Every structure is written in C-alpha cells, then in structure tokens.
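Protein chains in written order, with the numbering used here: chain A, 1 to 179; chain B, 1 to 415; chain C, 1 to 273.
Since the hints were derived computationally from the structure, they do not count as laboratory data.
DMTMM-like, lysine to aspartate or glutamate: derived pairs with alpha carbons at most 20 Å apart:
#1 C:K173 - A:E43
#2 B:K139 - B:D40
#3 C:K173 - A:D147
If you're wondering where the values come from, they're calculated on a predicted model, not measured in any experiment.
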Amino acid sequence: MSVTSTELASHRFAAGLTAPQLDRLAAIAASVELAADTRLFDEGGQAASLWLIRSGRIALDLHVPGRDRLIVETLGPGDELGLSWLVSPPRWQFGAVVQLAASAFELTAAAVTSLCESDHELGYQVTRRLLDTAIGRLQAARIRILDLYAAPPRATPSSGAPARGGPARGGPALPGGSP
Amino acid sequence: MTVLTGNGGAAGNGGAAGNGGAGVAGQRRRFELPAAGLEDLHRALVSAGYQVIGPRVTGDAITLGELTSASELPFGWGVSLSPGGYRLRKRDDAAAFGHSAGPGSWKQFLHPPREQLWSATRGTDGLAVGPGAVQEPRKLAFLGVRPCDLRAIQVLDRVLRGAAGRDCAYSRRRAAVFIIVVNCTEPGETCFCASMATGPESGPGYDLLMTELTAGPDHSFVIEAGSPGGQEILTRLPVRPADPGVTERADTAVAGAADRMGRSMQTDGLPGMLAASRHAQRWEDVASRCLTCGNCTMACPTCFCTTVEDVTDLSGEHAERWQNWSSCFELDFSYLHGGPVRSSGVSRYRQWLTHKLGTWHDQFGSSGCVGCGRCIVWCPVGIDLTEEVAALWAERNAAGGPTAGSEGPERGERG
Amino acid sequence: MTGFRYPVSYRVSSRQEETHDTVTITLEPAGEPIAAFRPGQFTMLYSFGVGEIPISVSGPPGVPTLTHTIRAVGAVSAALCAAQPGQVIGVRGPFGTSWDHAEAAANRDLLLVAGGIGLAPLRPALLEALAQPGRYRRIIMLAGARSAAELVFAAEYGRWRERGAEVAITVDKADASWPGQVGVVTQLIGRAHLDPARTTALICGPEVMMRITARTLTAAGLPPASIWISLERNMQCGTAECGHCQLGPLLLCRDGPVVNFGLAEPLLTVREL
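Based on the sequences and whatever the hints tell you, model everything.
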C-alpha cells in the first residue's frame with residue numbers, strides 16, 4: 001500500500017526532512033501490516049529492506065544450538081529495523097520476528113540506496129539518521145555489557161586495609177611519650 | 001542547625017546570674033587577676049564541681065589533661081613549630097599560656113575517640129535498646145582554650161549537636177563544659193588564625209576570657225566574664241578592676257599577634273576555587289608526598305568523622321554499638337558495594353582538604369578550618385595546608401580565574 | 001525523637017521472595033513506631049548482633065507497617081533477607097530527602113525510571129500517585145532488569161496498569177519465553193512519547209544507569225531541574241554526623257538520597273569524589 005508524505009511525516013525518522021525530501025522518500029515506501037509471529041528474516045539472509053516501525057514490536061533473535069532462541073533486542077514504535085544492508089556484504093546479522101502485531105513503512109534497500117545516490121542531500125539526511133540509530137544501539141549494547149544490575153562483588157568492608165597504614169585512632173602520633 | 005551567637009557557649013551551666021552579664025554592648029567589665037590567682041581560679045572551678053582540664057608538659061609535648069593544681073600549667077614553656085616539627089623550648093618569661101597548639105585538642109574530651117552508643121538485649125518482646133553503660137557526663141572546665149580552639153569547639157557544635165530536640169551524648173557533654181579562653185599573644189610558626197578570622201582575639205562563646213600579661217612589672221591576666229556562670233566564678237577570684245593602662249597593654253599584645261602569624265591563607269572565594277579545582281594537577285603533587293596516614297585528621301580539632309562497630313557477647317543475647325574516630329584517609333571510609341569510592345591517595349587528600357576548607361561551608365555553614373596549624377605540625381612529611389592552598393590558587397588563577405569551570409548554581413534549601 | 005539514635009523494635013509480619021537474592025519484608029511496630037516516612041526516604045535496618053545498613057522503604061506511605069526490599073549482598077543484608085515472620089528487626093529513621101522534593105505539580109506527567117532493585121524506592125511514589133487518580137496527567141513507569149527472573153514486584157505490574165499507569169518493562173537478557181521488551185531502559189524513553197516540558201522524572205537504579213538515563217532525558221528535552229535521582233554512598237549514622245556519605249558538598253544521608261540531577265551531574269562525573 002502506498003504511503004503519503006503526511007503519513008511518513010508522523011514517523012520519528014522523518015523529523016526535520018523538507019517537504020520535497022518527504023515526497024521522494026514516501027514515493028519508495030510501502031505501508032505494511034505485520035502479523036504476530038511472522039518471521040521477517042533469518043540470520044544470514046540477504047539484507048534488502050528497511051522498516052520504519054509505527055506500532056507493535058519486533059524481536060531480533062539468534063539461534064544457539066541446545067538453547068532456546070535468544071532475544072537480542074526488541075524494537076518498537078519510532079524505531080528502525082534493518083540496518084545490515086548498509087554494509088557489505090549485505091546479510092542479516094540477526095533474525096527478526098514479529099512479537100506483537102505491527103505496522104511499518106517498508107523501504108527496499110535498493111530503492112533507498114538509489115535515492116541517496118541520486119540526491120546526496122537527502123542521502124546525507126538518511127545516512128545521519130541511520131548513523132544516529134546505529135550509535136544509539138552501540139551505546140545501548142555497551143551499557144548492557146556492563147551488566148549494571150548484577151550483584152556487586154561480595155566483600156567485607158574490613159578486607160581492604162589502607163595502602164600505607166591507617167591512622168592511629170585517638171590522636172596523632174606523638175614525638176616521644178603520649179598524653 | 002544550631003546557630004552559635006553571643007553567650008551560647010556556657011548555656012545550661014547554671015549558676016546565678018551575676019551583676020550585669022558580660023557580652024552586653026557597652027558594658028565590657030574587665031578585671032586584673034595576678035598570676036597567683038590562677039590557683040584561686042582552679043580552686044573555684046573545683047569547688048563548683050568541675051574537673052579542670054588544661055595544658056601541661058607530658059613527655060616532650062604540651063598536651064591536654066586533668067590539672068590537679070594550677071601549678072601544673074606549663075609555666076615558662078613555649079614551642080617551636082614547623083611543618084612536621086614540634087619542639088618544646090624554654091621561654092624567657094614565666095608565661096603559662098605562651099605556647100601554641102599541641103598534638104591534642106578539646107575534641108578528645110567532647111567527642112571521645114571511642115564511645116559506646118548503646119547496648120541492646122534481645123527479649124521476647126523485641127529489642128531493649130538503651131544508652132547502656134553511658135554515664136552522665138562529668139562537668140569539665142577547659143582552662144586555656146585558644147581562640148582558634150574555641151572556634152573549633154563551635155564548629156564541632158554545629159556538626160554534632162544535631163537538630164533541635166535530638167538529644168545526644170555530645171550535647172550532654174558540651175552542656176557540662178565551662179570554657180576559659182586565653183587570648184593569643186604569641187602565635188606559632190604554623191599558625192594562621194588571623195586568615196581564618198578565628199583569632200588571635202577570641203570571639204564570643206567563652207565563660208571566662210583572659211589575656212596573659214608577662215611583659216610588664218607583674219605577671220597577671222586581664223579577665224572578663226562571658227556568661228552568668230563565668231560571672232559567678234569571677235566573683236570568687238582575687239581580682240581588681242583593670243586599669244586602662246593594663247587593658248590597653250593586653251589589647252595591644254593581642255592585636256600585635258595578628259601581624260606575627262607564621263602562615264596565611266587566601267580565604268576569600270576559597271570554597272568556589274576548590275569546587276572548581278577538583279581536577280587540579282596539584283592533587284597529584286601533594287598525593288605523591290602524602291602517606292595517607294590520617295595524622296592530620298586525628299590532630300585536627302574539627303575532624304569529626306566516626307565509624308561504628310557492632311559487637312555481641314558469646315550468648316548472642318546482648319549487643320553493643322561502639323563509635324570510633326575514623327578518617328577520610330582510610331580506604332574503607334568510602335566503601336560502597338564491594339569497594340572504596342575513593343581508592344587513590346589523590347582522591348582522599350582532595351576529599352580532606354576540599355571538605356575542610358570548601359564543602360564544609362555547604363554542609364555546616366562555616367569553614368571547617370580554624371587555622372590552628374596542627375595538621376601542618378603533625379604531618380610526618382610536613383605537608384603544609386597553607387602551601388597547598390596557595391598552589392591551588394596559583395593553578396586556578398593560571399587556568400583563568402577562581403571559579404572557571406565551577407559547577408554552576410548554588411544549591412537551594414537543604415532537606 | 002523515637003528511632004533516631006536508638007533502633008526501635010519492629011517485627012517481621014510477612015516475607016516475600018522477589019528473586020533468588022532479593023526479599024521483601026514487611027515490618028510492624030513491636031512498640032512505639034518511628035515517624036512516618038515519605039516516599040524516597042530510607043531507614044537503617046539493624047539485624048541483631050550482625051549490623052546495620054541503609055535500606056529504602058519500598059512500601060506505601062500512610063500505613064503503620066514498613067516494607068523494605070532487600071538484596072542479599074553482604075552479611076547484614078543476607079541476615080535481613082533471611083529474617084522470618086515473627087523475628088525482631090531494629091529500625092532507625094526515616095532519614096534523608098524524599099521524592100517530594102521533585103514537587104511534581106498536579107496535572108504534570110510523572111515519569112518513574114527504575115533499574116533493577118531501584119524499583120523499590122520508587123514503588124512508594126508510584127503507589128501514592130496511583131492512589132490519587134487525576135492528580136497527574138500521565139503516570140509512566142519504565143523499568144529495566146537483568147532478566148525476567150530478576151524483576152522485582154513482577155506480580156504487580158498488571159495491577160499498576162489497571163490503576164492507570166503506563167508500565168513498560170525491559171530486560172537485558174532474554175530467551176523466547178520472555179514476551180516483553182529486550183534492551184536498555186533508556187531505549188524505552190524514546191518510545192514513551194514524553195512531553196518534556198510537562199514531565200517530572202524520578203530515577204532510581206545503579207549510578208551509571210541513572211547518569212545515562214538522565215542524560216537521555218535531557219537529550220529528549222527535559223530540563224535537568226525536572227529530573228531527580230536517588231544517590232547512595234556509605235551511609236552509616238543517618239544523622240549527618242559520621243561523614244561517610246559525602247559527595248562533594250552533599251551529605252547524602254541528609255541532603256540525599258533524592259537529589260536534583262542539575263546539582264548531582266557535575267559531582268557524578270568527578271572520579272572518586
């Protein structure tokens with residue numbers, strides 16, 4: 001289903017684009033409804049689309065032999081799905097499955113690439129937004145590596161002695177004799 | 001927060017109000033007490049129920065302890081002070097208070113190094129928690145408090161007296177203390193009370209104030225009362241109204257002391273400078289010399305930090321909590337979730353200095369430093385607080401002004 | 001003031017295991033109670049003969065019982081977590097500043113962002129907000145946890161939603177059995193459609209999480225003055241007398257734990273302050 005500029009403008013991705021830029025982007029976008037449990041792509045597959053999620057939830061997943069699927073991250077309204085086509089070779093790094101029925105604007109990677117090649121100003125705008133997203137995900141991933149909510153190392157306060165001796169309690173060291 | 005003004009120092013000491021309390025504007029009534037009258041003063045204090053605490057020579061230092069007689073005062077003794085150095089020296093005169101601060105301070109009596117906070121017994125109805133073995137405080141008379149040390153006591157008051165209505169052991173001890181201040185006429189080489197505006201002339205808060213005169217024909221003291229309790233003691237002393245010539249000599253001696261400070265510190269704008277200097281290079285420099293031994297915090301008359309210790313007996317039915325002096329130089333002091341927040345010596349020295357001279361203002365409404373110089377004298381490697389501050393000023397000024405890079409708006413009302 | 005210097009007796013009336021290492025205990029006074037607490041404040045809980053630690057109140061205000069959610073990470077917290085109904089616990093407090101300092105005016109949007117057990121100190125504020133329907137335009141609770149198994153108060157999220165809160169939960173690690181969101185709690189902010197000028201944010205969690213969350217909120221347009229965080233240092237006395245909980249100009253047992261982000265941010269970025 002085709003997309004109007006007005007519809008596209010409602011997405012976070014479109015914020016700051018000029019009307020002509022919106023028109024050009026809307027012309028290559030399709031509005032899609034994604035039913036729950038639909039698998040959009042698998043790890044290793046040819047990466048060929050960008051989805052601008054409007055509602056619902058998509059889970060990025062990974063299969064680990066002997067374990068259930070691991071959910072790497074979930075994406076929701078305002079998020080972009082599908083960045084792997086930006087780099088070479090364009091293959092999906094993770095799989096994606098619709099967790100909650102979703103709606104999105106789908107743009108083929110070929111159309112986006114071609115549009116950006118022919119209109120560098122729009123290409124810059126699109127690339128910046130995708131870079132913002134990539135950096136945001138990188139930072140989020142780093143925060144998760146920190147494992148912030150893990151229990152702190154168990155240690156007793158008295159286990160760490162002052163590096164070079166602790167203060168003598170009760171008064172300073174006296175020169176010969178004490179009070 | 002308790003605000004100390006006027007005659008607050010001896011509040012609650014009792015004693016009938018004498019004729020015209022001191023501290024009333026325009027009614028400064030000063031008397032002269034011969035040196036021999038110190039024994040009368042001691043006797044009057046003892047008969048009023050006080051244990052007299054004052055300076056005396058012990059070993060190779062002048063320390064504070066019980067005086068069983070005024071004759072135990074260090075007559076004729078002075079001190080030579082330097083960074084990391086303290087030596088007794090004989091004076092040319094018989095001055096009883098011709099010495100500057102020693103290793104001890106009045107803190108050790110008001111805020112003891114180790115103290116039981118409470119004891120508890122576990123019963124069927126819950127915990128029975130009470131003050132335990134804590135005794136009612138003894139009435140103490142502090143004889144020979146220097147003006148800087150009086151200010152130190154008032155700084156401790158602000159920290160440890162707590163909010164109104166919160167009864168505590170410190171408050172009870174403090175209320176039972178009688179303070180006799182002796183103005184400073186001979187500052188030491190490491191003194192900078194004039195910079196901190198804490199001396200050499202005493203501010204209010206004393207029960208009795210004396211200025212020692214040794215240069216004239218007689219060894220005597222100019223003495224005045226600062227509270228009804230002080231007035232009461234004064235009436236029992238062999239005093240005579242001080243001649244204008246005598247009070248003038250006393251005032252001149254005290255005023256002159258301000259010009260003979262061994263050290264000075266630039267205090268105008270100091271908290272802001274320190275807040276803007278948290279990343280200064282100087283911290284690395286001083287930390288390379290600092291042993292993090294904490295001697296400065298023990299010697300400091302206002303360092304108040306403590307750590308508690310919970311103990312039980314073998315039956316497990318009786319528990320006690322003890323409070324010990326602690327120091328921000330201890331690695332465990334800032335322990336949080338498995339490790340210390342301030343693990344480097346750099347950060348711990350910075351904490352001590354910036355707290356004492358900077359953030360103390362935010363927390364307790366004044367500086368935590370009274371310029372007594374103890375931290376300089378008792379530092380085993382001779383780190384000089386005034387020198388460090390001067391270096392921080394120089395670095396900050398070179399970086400573009402006292403508050404460049406400061407942290408913005410002052411915080412508002414405290415919770 | 002009762003329970004200020006000496007612990008007063010409370011009895012464990014119920015005990016609920018939240019996760020493998022976290023327990024919620026409810027205490028009822030065994031004698032004279034401590035003063036009423038405000039959401040965000042903490043108490044010092046004393047396990048007889050073991051020791052005393054600061055714990056934020058996690059239960060609703062305005063009731064005689066005190067509820068605390070405790071994670072067993074040391075000797076005292078482990079002893080408190082092991083306390084069974086009927087056991088006596090010593091309580092001092094309440095201490096410190098409360099979320100009231102945020103002064104979230106009526107008709108604003110109240111945003112609560114929790115990380116891990118940081119949900120506990122926010123829960124009294126949430127419960128109080130839910131008890132005043134119409135006071136806030138929106139009540140938004142965003143919470144992150146390590147995994148589904150480590151979510152605290154998990155049984156209550158549905159009830160919070162029924163009572164009008166928008167609740168979004170995300171976890172760091174998940175397998176396909178987890179039907180919810182996966183990612184960092186800050187990623188929920190972009191999906192919450194905040195009105196920055198009308199939002200008051202209360203954040204509680206590990207310090208790094210609070211810094212990152214607060215920065216994400218300021219990037220979304222919230223003024224720092226509208227953001228409040230709950231800070232922790234080595235609180236021992238609760239009465240601003242022992243010196244351990246200093247953070248620059250703040251004595252956190254008195255000037256905190258709830259502190260405005262505008263004040264806290266420059267302090268939190270100084271190493272080893």
